[in-house]
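Okay, here's what each chain looks like letter by letter:
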Amino acid sequence: MNNMASILPLTLKDVSFQVTDKRLIKDINITLEANKSTIILGPNGAGKSLFLRLCHGLLQPTEGKVQWNTTNDHDPKFFQSMVFQRPVMLRRSAGANIEYALKLHDIPKEQREPIARDALKRMGLGRFYGHPARVLSFGEQQRLAIARAWALNPQVLFLDEPSASLDPAATHSIESAIEAIRDSGTKIIMTTHDLGQAKRLADEVLFLHRGRLLEYAPAKEFFDHPKNDLAQAFLKGELLWWKKKELSPGHMGST
Amino acid sequence: MNDIWAALGAAFSMIIGLDSDLAEIVGLSMQVSLMAVGIATLIGLPTGAALALYRFKGRKPLIIVVNALMGLPPVVVGLLVYLMLSRSGPFGVFGLLFTPSAMIIAQVILVTPIVAALSRQLIENMWEEYEEQLMSLGVTKHGAALTLLWDGRFSLLTTVLAGFGRASAEVGAVMIVGGNIDHVTRVMTTSIALEVSKGDLPLALGLGIILVALSITVNGAAYIIRDVARQRQGA
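Chains as they are written, first to last, in my numbering: chain A, 1 to 255; chain B, 1001 to 1235.
Worth double-checking, as some hints may not be accurate.
What the hints assert, rightly or not - List time: in silico BS3-like cross-link candidates among lysine-lysine, alpha-carbon distance up to 30 Å:
#1 A/K109 with A/K65
#2 A/K121 with A/K77
#3 B/K1141 with A/K103
#4 A/K65 with B/K1198
#5 B/K1060 with A/K22
#6 B/K1057 with A/K65
#7 A/K22 with B/K1057
As the list claims (entries may be wrong) - Across the chosen pairs, the derived CB separations fall in these ranges:
#8 A/A180 with B/R1226: 37 to 43 Å
#9 B/E1131 with A/E221: 23 to 29 Å
#10 A/K199 with B/T1158: 46 to 52 Å
#11 A/K22 with B/T1158: 37 to 43 Å
#12 B/N1125 with A/L195: 34 to 40 Å
#13 B/P1061 with A/Q18: 24 to 30 Å
#14 A/E113 with B/I1064: 41 to 47 Å
#15 B/V1075 with A/Q85: 17 to 23 Å
#16 A/Q18 with B/E1131: 31 to 37 Å
Unchecked claim - Examples of chain A residues lying across from chain B (beta carbon under 7 Å, computed):
#17 L58
#18 F78
#19 M82
#20 V88
#21 A101
#22 K103
What the hints contain is simulated information worked out from the structure, not anything from laboratory work.
A virtual CB, placed ideally from N, CA and C, is assigned to each residue, including glycine.
Whenever a hint applies, use it, and build me the whole structure from the sequences.
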C-alpha cells in the first residue's frame, strides 16, 4: 500500500484529551512529516501512549483535530499499524494471526499465506508459521506483533515501547526490524524509555511532560543542546518532580 | 437398606440388559435436551457477543435481566409455555402441547439466558484484552464479534455445557408441557418422578444412574477438549 498517495503529513491542531475533569493531553500543535523517525520521550504519565493512540485514531481528542493528508476515498486507518507494549495474539497460529490482519486489509486470500510466511521469515520466526501464537515466548510474540504490523506494509507504524520488557538480544532484533521497516519507506512514530534506543533510532524527538509538548527538535539538536529545562533534566537522568522543587526559590534543602 | 441394594441390582441389570423402555426414555431425553441446547446456543452466543461488544441505551438493565433469567424456575417457564401452547392460547392452533416440540421450546427458554449471560461475561473479558489490537487492525464491531466467538470457542463450550446441565436435569417444565405421556413425552427426569411416586425404585434408580453417568461423560469430554485446546492454542 506504500505506493498509494501518502497520508502524511499528519497534523494535530490544538489537540487536547480529557478524562472526566483531568486534562491528560494539552493543546498539542504539530505536523509530522514523512521519511523521518519520530521518537516521543518523556517521564511516566507524560501522555506518550495517549499521544500515539490519538494519532492512530484509537482515541478521539476531546478538543482539536487530528488530520491526515487524505481524500474521502481512502481511509487513513488502513495505511497505519501499531505495535503495543504487550503483544496481543489471537488464539491461533502465528501465520493465521498475520493472515487475519491481512484479511481485514482486503488482501486477496491466495496472497495472504506467502505474505505471512515472508513477514515471519524477516523477523526470524519462519519456523513458527503453524505454531500457536500464544505459546510463543514474550519476546517471540513481540517479534510476531512486528511481523504482523510489517506484513500490512503501512505508511506509518506506531510503536508503544515495543522493547520495554525485553532483554538486550531481543531488543536488538526489534531495533533492526524497526530500521528495516523505516528503510522501506515507512514512517516510524515510537515511544520509549530507553534513551540509548532513542539516540539510535530517532531522526527527531518530541518531548512531552504532563500532557504538554515541551520540545520538538531534530534528534542531534535535542540530545546535544536541549532547550527546555525539563528536557535537560530528563536527559541527565534527574527525576523531574525534584527538579521542579529545586527550581523554585526558597525550597532548597537546609543541608 | 436392603431395598436400596435390591433396587441398585435391578437397575444395573436393566442398564446392562438394554431394557427397551429405558432406551426409549433415555433416547428421547437426549433428543429433547440436545435440540434445546443447540437452538439456545444459536440464539445465546450471538446475543452474548452483542451484549459484550455493542454499547446502546438500556444495555446495563438488559444484562441484569439476562443474568436474572438464568435462575428462572422451570415450573414457571412450564406454566407460561403451557398457557401459550394450550388450545385457548395464542399458539394453540399448532397443536404442540404435550409433544416433544413443546418440551424443546420450554427448555430453549430455560437454557438461552444461561448461554447468553455466561458467554457475555467471557467475551467481554476477551474483548478487554483484544480491543485495542483489533481496532488498530481496522476491524468492525460485527467482525470483532465473529472473531471473539471463534477464538473463544473452547471456553464458550463451558457455557454450552452449563446449559446442557440445566436442560437435562430439569423436570418442572417438561412435566407441565410434555405431560409425561408414555412412549411420547416421557423423559428421564419425569419418569424418575413418576416411578418414585409409584414405588418402582429400580427403574427410577436405573434412570438416575444413567442421567448422572451421561452428565459426567459429557462434562468429561468437554474438559478433555478444553485441555487439549489449551495445550495446543494457549487458549
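Against the structure, the hints:
1. Between A/K109 and A/K65, the direct Cα distance comes to roughly 36 Å. Violation of the 30 Å bound is thereby established for this hinted pair.
2. Of the pairs offered as hints, the one joining A/K121 and A/K77 holds, with about 26 Å between alpha carbons and a cut-off of 30 Å not exceeded.
3. As the CA atoms of B/K1141 and A/K103 are separated by approximately 15 Å, the hinted pair is consistent with the 30 Å bound.
4. Between A/K65 and B/K1198, the direct Cα distance comes to roughly 78 Å. Violation of the 30 Å bound is thereby established for this hinted pair.
5. For the hint linking B/K1060 to A/K22, the alpha-carbon distance of about 26 Å falls within 30 Å, and the restraint holds.
6. Between B/K1057 and A/K65, the direct Cα distance comes to roughly 28 Å. Compliance with the 30 Å bound is thereby established for this hinted pair.
7. Between the alpha carbons of A/K22 and B/K1057 the distance comes to roughly 26 Å, so the proposed pair stays at or under 30 Å and holds.
8. Restraint check, A/A180 to B/R1226: a C-beta distance of roughly 40 Å satisfies the suggested window 37 to 43 Å.
9. The given range of 23 to 29 Å is broken by B/E1131 and A/E221, whose C-beta atoms sit roughly 38 Å from each other.
10. The hint said 46 to 52 Å for the Cβ distance between A/K199 and B/T1158, and at roughly 50 Å that hint holds.
11. Taking the beta carbon of each, A/K22 and B/T1158 are about 40 Å apart, inside 37 to 43 Å as hinted.
12. Checked against the hint of 34 to 40 Å, the pair B/N1125 and A/L195 passes, with Cβ atoms roughly 37 Å apart.
13. Range check, B/P1061 to A/Q18: Cβ separation about 28 Å, and the 24 to 30 Å hint holds.
14. Between A/E113 and B/I1064, the C-beta spacing of about 46 Å keeps the proposed range 41 to 47 Å intact.
15. Between B/V1075 and A/Q85 the C-beta distance comes to about 53 Å, which lies outside the given range of 17 to 23 Å.
16. Separation of A/Q18 from B/E1131 is about 21 Å and departs from the stated range, judged on CB atoms against 31 to 37 Å.
17. Evaluation of the A/L58 hint against chain B yields a held restraint, the C-beta minimum of about 6 Å falling below 7 Å.
18. Residue-level restraint check for A/F78 holds (minimum Cβ-Cβ distance to chain B is 6 Å; threshold 7 Å).
19. Taking 7 Å as the C-beta contact cut-off toward chain B, the hint placing A/M82 at the interface holds, the least distance being around 4 Å.
20. Proximity of A/V88 to chain B holds as hinted, the smallest CB-CB distance being about 4 Å (cut-off 7 Å).
21. The criterion of a C-beta within 7 Å of any C-beta in chain B is met by A/A101, whose closest approach is roughly 5 Å, and the hint holds.
22. Interface restraint check for A/K103: the shortest CB-CB distance to chain B comes to about 9 Å, outside 7 Å, so the restraint is violated.
Hint compliance for this structure: hints 1, 4, 9, 15, 16 and 22 are broken, all remaining hints hold.
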